[in-house]
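K.L.:
If you want the building blocks of each chain, they are given just below.
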Amino acid sequence: MKRVLLVLILLNLVIFSGFAENSVILISPDEVKAFTEIRNDTVYLLHFWATWCAPCIKEIPDLLKIEEQLKDKKFKLVLISLDFENQIQSKLVPFLAKNEMKPPYYLLKQERGYEWINKINSNWSGALPASIIFNRKNYDFYEKSFSYSELYRLLTTKYILP
Amino acid sequence: MKKILLFFGLFTYLFSALYAQGYEINSKANDFKLLNVNGKYFSLAENKEAKGFVVIFTCNHCPYAQAYEQRIIEFHNKYAKKGYPVVAINPNDSVIQPADSYSKMIERSKDKNYPFVYLLDDNHKVQEAYGAQRTPHVFVLQKNKKDLIVKYIGTIDDSSMKPGEVKERYLEDAVNALLDRKEPNPSFTKAIGCSIKKK
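In order, the protein sequence lines correspond to chains A and B.
If you read the first sequence in the numbering used here, its first letter stands for residue 2, the second for the next number, and so on.
If you read the second sequence in the numbering used here, its first letter stands for residue 123, the second for the next number, and so on.
It should be emphasised that the hints constitute simulated quantities derived from the structure, not laboratory data.
Misleading hints may appear alongside valid ones.
The calculated EDC-like cross-link candidates involving lysine to aspartate or glutamate, where the alpha carbons are at most 20 Å apart (straight line), are [unchecked claim]:
no.	chain 1	residue 1	chain 2	residue 2
1	B	Lys-321	B	Glu-250
2	A	Lys-120	B	Asp-215
3	A	Lys-110	B	Glu-287
4	A	Lys-59	B	Asp-215
5	B	Lys-289	A	Glu-116
6	B	Lys-265	B	Glu-191
7	B	Lys-321	A	Glu-144
8	B	Lys-320	A	Asp-73
9	B	Lys-204	B	Asp-280
10	A	Lys-159	A	Glu-32
11	B	Lys-265	B	Asp-280
12	B	Lys-284	A	Glu-144
13	A	Lys-110	B	Asp-280
14	B	Lys-265	B	Asp-295
15	A	Lys-145	B	Asp-153
16	B	Lys-170	B	Glu-191
17	B	Lys-200	B	Asp-269
Across the chosen pairs, the derived CB separations fall in these ranges [claimed, not checked]:
no.	chain 1	residue 1	chain 2	residue 2	range
18	B	Pro-285	A	Phe-142	29 to 35 Å
19	A	Ser-150	B	Asn-307	24 to 30 Å
20	B	Asn-152	A	Glu-112	47 to 53 Å
21	A	Thr-43	B	Pro-308	45 to 51 Å
22	A	Ser-150	B	Asn-266	46 to 52 Å
23	B	Lys-268	A	Phe-96	36 to 42 Å
24	A	Lys-92	B	Glu-287	20 to 26 Å
25	A	Gln-88	B	Asn-235	47 to 53 Å
We put the beta carbon where it would ideally sit given N, CA and C, even for glycine.
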């Protein structure tokens, strides 16, 4: 029951946070885990990135392009930043604005130690970028950078079927 | 049917063997010969007095590597004389990340007065053999006669960005355990870090 509630809260955040322009939502590892347990017809691409991560920055335009191309499909891109909490205004917000990224803007609230990394995915070494792609049938973790064509092909052949 | 199963079993085995890269706890580690910032090549075998080594894959550009830089220097100053010197290795390709070039390594090691060797692994041979996945990524090796045995893999402590809030010093605890002839616990930890930059 607790989990269902958590998922509902999280879904509300996803739906309504769009009104809160420029506001960055802190999300805990537990909330991320609950989110990845959602099983419906939508394909979710949960992507961990940061403005300090060079390969992540390179990949963001491709991700946004794929989101636009798949906007009529049951596909949802959820970006979760691992920027430092004291650099939200100095680094993250300017980057979001410059790239005209749409809210909600999530920032992962890192916990002490390392167990929280396992909570999100036990295969995650902690390097960025990392992605979780999931829907009703699949759940896959990727600790790597994708090229545009590689990710588009993967999504449209394995996850989003015509 | 049996044959198919056998085939799949064999395939899975080969596949996993192909992808099983890197060391685990109690793996035997390889020595290496890498270019140091002083212009000379360095091998672990050169240091005959050491009881082991703290091999840290790190670099110039990564904010997590920078956050740990001073703590790595302090660790070396405290533990080199106890027999566990730091061996820092930059595994990044300088074409992808120019801030991690050999000349920038020399600059940084001079600016910050690195008391340890800082080696270049730009063809990633050592990084791949060890299975380092991010910077910083620590591998503690213990000498056992002629062998080097991996005894700890992971991060330095439990508070990467806030040095003032550290509670658990995983690396120090691991080396202290080895000095006490005990096994480190935990022997494997994780942390957020930068991916290794490879072509």
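K.L.:
Next, verify each hint and record whether it holds.
P.N.:
Going through the hints against the structure:
1. B:Lys-321 to B:Glu-250: It holds: about 13 Å lies between the C-alpha atoms, which stays within 20 Å.
2. A:Lys-120 to B:Asp-215: 31 Å, violated
3. A:Lys-110 to B:Glu-287: Holds. A:Lys-110 to B:Glu-287 sits at ~16 Å (cutoff 20 Å).
4. A:Lys-59 to B:Asp-215: 16 Å, holds
5. B:Lys-289 to A:Glu-116: With Cα atoms ~15 Å apart, B:Lys-289 and A:Glu-116 stay inside 20 Å; holds.
6. B:Lys-265 to B:Glu-191: Roughly 25 Å between the alpha carbons, so the hint for B:Lys-265 and B:Glu-191 is violated.
7. B:Lys-321 to A:Glu-144: Within the cut-off at roughly 16 Å; holds.
8. B:Lys-320 to A:Asp-73: 35 Å, violated
9. B:Lys-204 to B:Asp-280: Roughly 23 Å between the alpha carbons, so the hint for B:Lys-204 and B:Asp-280 is violated.
10. A:Lys-159 to A:Glu-32: Judged against 20 Å, a Cα distance of about 26 Å means the pair is violated.
11. B:Lys-265 to B:Asp-280: 27 Å, violated
12. B:Lys-284 to A:Glu-144: Outside the cut-off at roughly 25 Å; violated.
13. A:Lys-110 to B:Asp-280: 15 Å, holds
14. B:Lys-265 to B:Asp-295: Holds - the C-alpha atoms of B:Asp-295 and B:Lys-265 are around 18 Å apart, at most 20 Å.
15. A:Lys-145 to B:Asp-153: 28 Å, violated
16. B:Lys-170 to B:Glu-191: It is violated: about 26 Å lies between the C-alpha atoms, which goes past 20 Å.
17. B:Lys-200 to B:Asp-269: 24 Å, violated
18. B:Pro-285 to A:Phe-142: 29 to 35 Å: 30 Å, holds
19. A:Ser-150 to B:Asn-307: 24 to 30 Å: Given a distance of about 46 Å, which is not inside 24 to 30 Å, the answer is violated.
20. B:Asn-152 to A:Glu-112: 47 to 53 Å: 35 Å, violated
21. A:Thr-43 to B:Pro-308: 45 to 51 Å: 38 Å, violated
22. A:Ser-150 to B:Asn-266: 46 to 52 Å: 48 Å, holds
23. B:Lys-268 to A:Phe-96: 36 to 42 Å: 51 Å, violated
24. A:Lys-92 to B:Glu-287: 20 to 26 Å: Hint holds: Cβ distance 21 Å, inside 20 to 26 Å.
25. A:Gln-88 to B:Asn-235: 47 to 53 Å: 27 Å, violated
When the structure is compared with the earlier hints, violations turn up for hints 2, 6, 8, 9, 10, 11, 12, 15, 16, 17, 19, 20, 21, 23, 25 and for no others.
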